[in-house]
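Enquirer: Residues per chain are reported as follows:
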Amino acid sequence: MSEVKNILLVGVGGQGTILASKILSNGLIQAGYDVKMSEIHGMSQRGGNVSTQVRYGEKVWSPIIGEGDADVIVAFEKMEALRWIGYLKKGGKMVVNDHEIPSVPILMGVAKYPLRILDELASKADVAVFKAGELAEGLGNAKAMNVILLGALVKALGLADDPRIDWEKAVRENVKPQFAELNVKAFRLGLDQIR
Amino acid sequence: MKQLMTGNEAVARGAYEAGLVFASAYPGTPSTEILETLGTVYRDSLYSEWAPNEKVALEAALGASIAGVRAMACMKHVGLNVAADPLFTVAYTGVTGGLVVVSADDPGMHSSQNEQDNRNYASAARVMMLEPSDSQEAKDMTKLAFELSERFDTPVLLRMTTRVCHSKGMVELGERVEKEPIEYRKNIAKYVSTPANAKVSRKNLPDRLAREEAYANDCAVNTIEPAADAKDGKGRIGVACSGVSYEYAKEVFGEKASYLKLGLTYPFPVALAKKFAETVETVYVVEEVDPYIENNLKANGIACVGKDVVPAFDELNPDILRTVFHPILPDVVKDVPETLRSDLQAVVRPPAMCAGCPHRGFYYALSKKKGIMVTGDIGCYTLGAAPPLSAIDTTICMGASVSSGHGASVAFKRTGRDTKVVSCIGDSTFFHSGVTSLMDAIYNKGTNVTVILDNRITGMTGHQENPGTGYTLMGEETTEVDIPALCVALGMKPENIRTVNPLNLKECDEALDEALARDEASVIITKWPCALKKFSREDRETFDLSPKVAEIDQDRCRRCGLCSKTGCPAIYKSLKVTINRESCTGCGVCAQVCPFGAIKVSKR
Chain A
1 MSEVKNILLV GVGGQGTILA SKILSNGLIQ AGYDVKMSEI HGMSQRGGNV STQVRYGEKV
61 WSPIIGEGDA DVIVAFEKME ALRWIGYLKK GGKMVVNDHE IPSVPILMGV AKYPLRILDE
121 LASKADVAVF KAGELAEGLG NAKAMNVILL GALVKALGLA DDPRIDWEKA VRENVKPQFA
181 ELNVKAFRLG LDQIR
Chain B
1001 MKQLMTGNEA VARGAYEAGL VFASAYPGTP STEILETLGT VYRDSLYSEW APNEKVALEA
1061 ALGASIAGVR AMACMKHVGL NVAADPLFTV AYTGVTGGLV VVSADDPGMH SSQNEQDNRN
1121 YASAARVMML EPSDSQEAKD MTKLAFELSE RFDTPVLLRM TTRVCHSKGM VELGERVEKE
1181 PIEYRKNIAK YVSTPANAKV SRKNLPDRLA REEAYANDCA VNTIEPAADA KDGKGRIGVA
1241 CSGVSYEYAK EVFGEKASYL KLGLTYPFPV ALAKKFAETV ETVYVVEEVD PYIENNLKAN
1301 GIACVGKDVV PAFDELNPDI LRTVFHPILP DVVKDVPETL RSDLQAVVRP PAMCAGCPHR
1361 GFYYALSKKK GIMVTGDIGC YTLGAAPPLS AIDTTICMGA SVSSGHGASV AFKRTGRDTK
1421 VVSCIGDSTF FHSGVTSLMD AIYNKGTNVT VILDNRITGM TGHQENPGTG YTLMGEETTE
1481 VDIPALCVAL GMKPENIRTV NPLNLKECDE ALDEALARDE ASVIITKWPC ALKKFSREDR
1541 ETFDLSPKVA EIDQDRCRRC GLCSKTGCPA IYKSLKVTIN RESCTGCGVC AQVCPFGAIK
1601 VSKR
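So the sequence lines, in the order shown, correspond to chains A and B.
Numbering follows the numbering used here, with no gaps: position 117 of the first sequence is 117.
Take any residue in the second sequence, note its place counting from 1, add 1000, and you have its number in the numbering used here.
Honestly, the hints are just simulated from the structure, not real lab data.
Note that this is a predicted model, so its numbers are computed, not measured.
Heads up, a few of these hints could be off.
Said to hold, decoys possible - No more than 25 Å apart at the CA atoms, straight line, and that leaves these computed lysine to any residue pairs for SDA-like: (1) B/Lys1231 with B/Asn1217; (2) A/Lys143 with B/Lys1334; (3) B/Lys1334 with A/Gly91; (4) B/Lys1369 with A/Pro105; (5) B/Lys1199 with B/Asn1217; (6) A/Lys112 with B/Lys1369.
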């Protein structure tokens, strides 16, 4: 039986982690994998942290993973990468958006946004960092950040050239028609961010 | 065809395929998307509605069942407390068309006020129960539930949990099969539950349960899966489980254990469990929250290891199982993997009222009042209890703000204390169970101030229509409840009702002072649409919702931080105080708080 791979997407409510997870799952299904995706709804729209887990392989049992289990973590926000690093498998990869969203205690001035997060992450794991927000603005729509990060994730997973998967089709099928071209460009741009 | 679906979408699909005609629910995480899916994806094939509460939802579904069609009521776990009254009696009367009750439990309390295990309701009410472990089973067992309901003449409880509801898995789709309605026949002995009739139904119940148990012992959803290395069907480790715990157990024990995989857990399949116990050396019970399976095994003389090692509260996950089972079975269960640790700590990210939330202005004004007790309720506005506002003293259950506020205000008065009580309840929660509470307070000459936070939608669960919005689940226009007129009908003096704009601090402040000065009941209605709402035509006609933004004049700003004390996530107090242009809606609460006139709101 092929090994089950575990992906963790983390961010802040409203950043589009769930859409990215949907497109990812859609692609994985094209390849014939069994896929499970788990997310926590509830109060996330109101500024809380959001996490989505995607597991794929020949047969997936548990919809959720534990600490030390993730093959790849994609963090849509820097501090969230720090929060979830315990979930990364030893030797796992991280894709980190160099982007800060201060939480309420920081906004109110009662706590400080941690300094040197990127150095800390780099000292612990194999981390790819880039500014997905700026790249998205370059494409003319800041919201495309999530699909840029998805592109980077797909490359990091080694699935960019999988002949069974038409990623651009997966992107098109999950976004509104008027945003299809933008998101396909964003996906390609994401692929280019990972060596 | 296969499709990736959440457990909730799969329940909706199963109900659709089963020929469901009538569905009702009150929204509640993690159950909400079942009815949302029925009301959108399958709206052309079946009828669905939001009820004001779960008791109403179940009673409406029951009526449809008696009228001869397949019907379903869905709710979160605490909703079944509200619907428990009809449930216990429908267990006696039975049904006509298949009747399925979905209870979505929330182990770990991701978005709930308690962690009750509703499997206990099945045995307490004597209602057949199914527990799917993934999306495919959620669909299959929904269909099975309708068949069993009709076959055994009983309501069937479909017990889901957060992870089953909100995890996606592959689901094989089938076609919808339309069912001919069952002819309506008056049957007083069956459906009029007077003591005389109920005594007969009660007497017949054990016989029905015995037939159900015989089915449970020999059905496709209750199975024994022998371990890969079992010899003559006998193995070393046996795992008894149901629901999502089965998925966790398979992940951790793999093929090295035998499984008693239970999908139908009430009536409990005693004979099957005994047979299983004979095939293994030790039975381990893997289940979330209460020892439901464990107690059933032990009550029937089957030795097992359960809650003495598996945690009795919070969600399970594969890591928890590895942590508890690796020391006992090191050759079978792997240890938890090594984890990376960082000395650098992430700052907590608690949920907060959104930028532009209409509740913020009112709570800011309320937080300035001294010597009061504030009873709160269930919804986004519970976040008013969080710092910096910290404006709520209690939150217990739906509707409790008004009734417990009444009790508290009587207690203060009777014992000579002058503490005033303000009870804060949202529009949807008021319709759910605040109306009878307010009736109680008014009729019994209470003095608490009831604040109805009317944001024109059911907010916390993700924007469902309610009797105050003027639209149904299926998108039809309807007559909205007139809240002030309803309060008058409950006996409230018209002059003691005031409707305010919650984003106007002066208005809120004055309304509170006026109400708190009175020695009789008052109602304040704060009326402004949720900042995240997709505004209706009426919203646009009634409120000034033109896009605005607030900006700080840095020359005037003295960095006192008062604006950030409103708890608005668009305001950032660092070396400078700034407002995030992206998230600011220009609601203007911060501008009213600023003592230096440094914040200006302008049109975008």
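Enquirer: What's the verdict on B/Lys1369 and A/Pro105, does the C-alpha distance respect the 25 Å limit or exceed it?
Expert: The given pair, whose Cα atoms are some 24 Å apart, holds under the 25 Å limit.
Enquirer: Is B/Lys1334 close enough to A/Gly91, meaning Cα to Cα at most 25 Å?
Expert: Within the cut-off at roughly 19 Å; holds.
Enquirer: Hint check: A/Lys112 vs B/Lys1369, CA-CA at most 25 Å. Holds or violated?
Expert: Not OK: A/Lys112 and B/Lys1369 at ~30 Å, beyond 25 Å, violated.
Enquirer: Holds or violated: B/Lys1231 with B/Asn1217, Cα cutoff 25 Å?
Expert: holds (23 Å)
Enquirer: Quickly compare the C-alpha distance for A/Lys143 and B/Lys1334 to 25 Å and report which way the hint goes.
Expert: violated (42 Å)
Enquirer: Decide if the proposed pair is consistent with the structure: B/Lys1199 and B/Asn1217, CA atoms, cutoff 25 Å inclusive.
Expert: At roughly 28 Å apart (the allowed maximum being 25 Å), B/Asn1217 and B/Lys1199 break the hint.
The earlier numbered hints that this structure contradicts are 2, 5, 6.
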